[in-house]
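K.L.:
Listed here are the chains, written in short residue letters.
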Amino acid sequence: MKRIGFLSWALWFGYAFLYVPIVLLITYSFNESRLVTVWGGFSTKWYGELLNNEALLAATALSLRVAAVSATLSVILGTCAGMAMSRFGRFRGRTLFGGMITAPLVMPEVITGLSLLLLFVAMEQLIGWPDGRGVTTITIAHTTFTLSYVAVVIQSRLAGMDGSLEEAAMDLGARPAKVFFVITLPIIAPALVAGWLLAFTLSLDDVVVASFVSGPGSTTLPMVIFSSVKFGISPQINALATLMVLVVATGIFVASVVMARQDRQRKRDEQMAIQGG
Amino acid sequence: MSGVVSALSRLGLWGRGAVIAMPFLWLLLFFLVPFLIVFGISFSESIVAQPPYAPLVGWLTDEESGTTKLQILLNLTNYLRLTGDDLYILAYLNSVKIALVTTLLCLAIGYPMAYAIAKADPARRGPLMMLVILPFWTSFLIRIYAWIGILKSNGVISNLLEWTGITSGPVEILYSDWAVYIGMTYCYLPFMVLPLYSTLEKMDPTLLEAAADLGCRPLKAFLTVTLPLSLPGIIAGSLLVFIPAVGEFVTPELLGGPDTLMIGRVLWNEFFANRDWPVASGVAIALLLVLVVPIMIFQYVQGREAEER
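Chains as they are written, first to last, in full-length UniProt numbering: chain A, 1 to 277; chain B, 1 to 309.
No lab work stands behind these hints: they were computed from the structure.
All figures in this text were calculated on a predicted structure; none of them were measured in a lab.
Incorrect hints may appear among the rest.
[What the hints assert, rightly or not] Among chain A residues calculated to face chain B with C-beta under 10 Å, some are:
#1 Leu35
#2 Cys80
#3 Val207
[Unchecked claim] Stretches of chain A that chain B covers, calculated by requiring three or more beta carbons in the stretch to come under 8 Å of a beta carbon on chain B:
#4 8-18
#5 91-101
#6 115-129
Positions of the beta carbon are idealized from the N, C-alpha and C atoms, including for glycine.
This is chain A alone, in the form it adopts within the complex (with noise of 0.2 Å):
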């Protein structure tokens, strides 16, 4: 009994832990003083004043872009190096292959950031391409770091999925192409959802490697709220976290939803199938 007393404490304290930065950060985005952390009543201003703050939406509006192109680009790229390491047994390469998914996962950001900057420096040099650093830069280094985490998120969900399927439509006569997009491609379908989201965040999120790679005018978001937090607190940031937040909130509301709907109905048409069969 002491320990299960123990272990809910535990519990508890690490959920305040996570969660309750989150929530003050929130409530003084309603906060009327300019001082953070002094209360002087409840006001919507810093909002407004958001709304007005042209540089800060072009940095949103370019990371926005960056973040959905280097997501669609790493969930193909992923999907490919899943269906490689899960699917395809044995061929040459394939520890190379392994140990350049896994590496980025942990590869510290300075790093990456650096290595890529110096190979488009290097790169411009020899073939003149990409011609300065900016918004296509920036998508290729995301989509590399991206990558590794969709590509894991395939590889278990393929690990995870009967197998036989496939090979039931194999020895049906159906070539390996139409194999992956009619029955493989549907089954996973929600871990390319899951993955693109994540490759989504994670390049909405990265600060380090886009200052590496970025050039003049195109400063992503995080790069804004970045310089600006190294001068101290503002209850703008404050409000543009609270609407991140939100935004985060709910599309991980809605997609938990969608997925578990689409769980229940396939497991409904499964069972349909084993009653009709």
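Dock chain B against chain A, hints included.
P.N.:
Leaving out everything else, chain B in the frame of chain A:
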């Protein structure tokens, strides 16, 4: 007909090759090759030019005989500077220390959490885990920012301590090593809980029952049964926290003081403030050398886990 079949099978084979080749070439070009370039430039000399480093490879024309020779210049001064200057050595040691403390704090908070969730009612495990992962989806920068308001002088903790009368004036925790420990533990906690939970959840509960039946006390059963069985999770979680934490930049920059030396900060300053790309490359290579063993252990653990599934 057979022609069509063989063409299609060839296409299938080609398709298989393309599926491997696309991500493989991408990672080769944008992940592996960059390291070789960093390694190369770490031997270069810093010059005032665009880009600010001297080329390693050049053609040397001999005026008398008219022959050209390939010249490769390797410059070791960057590494000599790294080993000769106390600043770099201190930054390395301090980074490892801060990463170790962060890992231990994550383990101390994360293990009981993962254990409690794994022991919870199966229907409640999903939502409980979701609550652990959810903060990970909100911006890392924003979460660090939240702690500035809490830890600063006249911030939430400071006001609370003053209000309760524990301290008589404002307290500043911000801009110290402790602020960095708190911020990093906060950010990396989900990475520790996830692998711990997945090993603890898989554990067979009858093992503990058997131990109890044989008269083993709960604490001893935990130490001799649960803890060794959860070791893979502990190792994976610790590496997921430790490796990126050593090279961390944002947290020490925003929460740490000017004397909170970390290697990620040193690299950043060499690159952005001093514009010394070769030294920054040398710092990156040295950082990789510190991390190469933990990264290889991580690879091994990941690979083994993938094979078990």
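K.L.:
All hints are to be evaluated individually against the structure, with a verdict given for each.
P.N.:
Hints, one by one, checked against the model:
| no. | hint | result |
| --- | --- | --- |
| 1 | Leu35 | holds, 8 Å |
| 2 | Cys80 | holds, 5 Å |
| 3 | Val207 | holds, 6 Å |
| 4 | 8-18 | holds (count 8) |
| 5 | 91-101 | holds (count 7) |
| 6 | 115-129 | holds (count 7) |
Against the hints set out earlier in the document, no violation occurs for any number.
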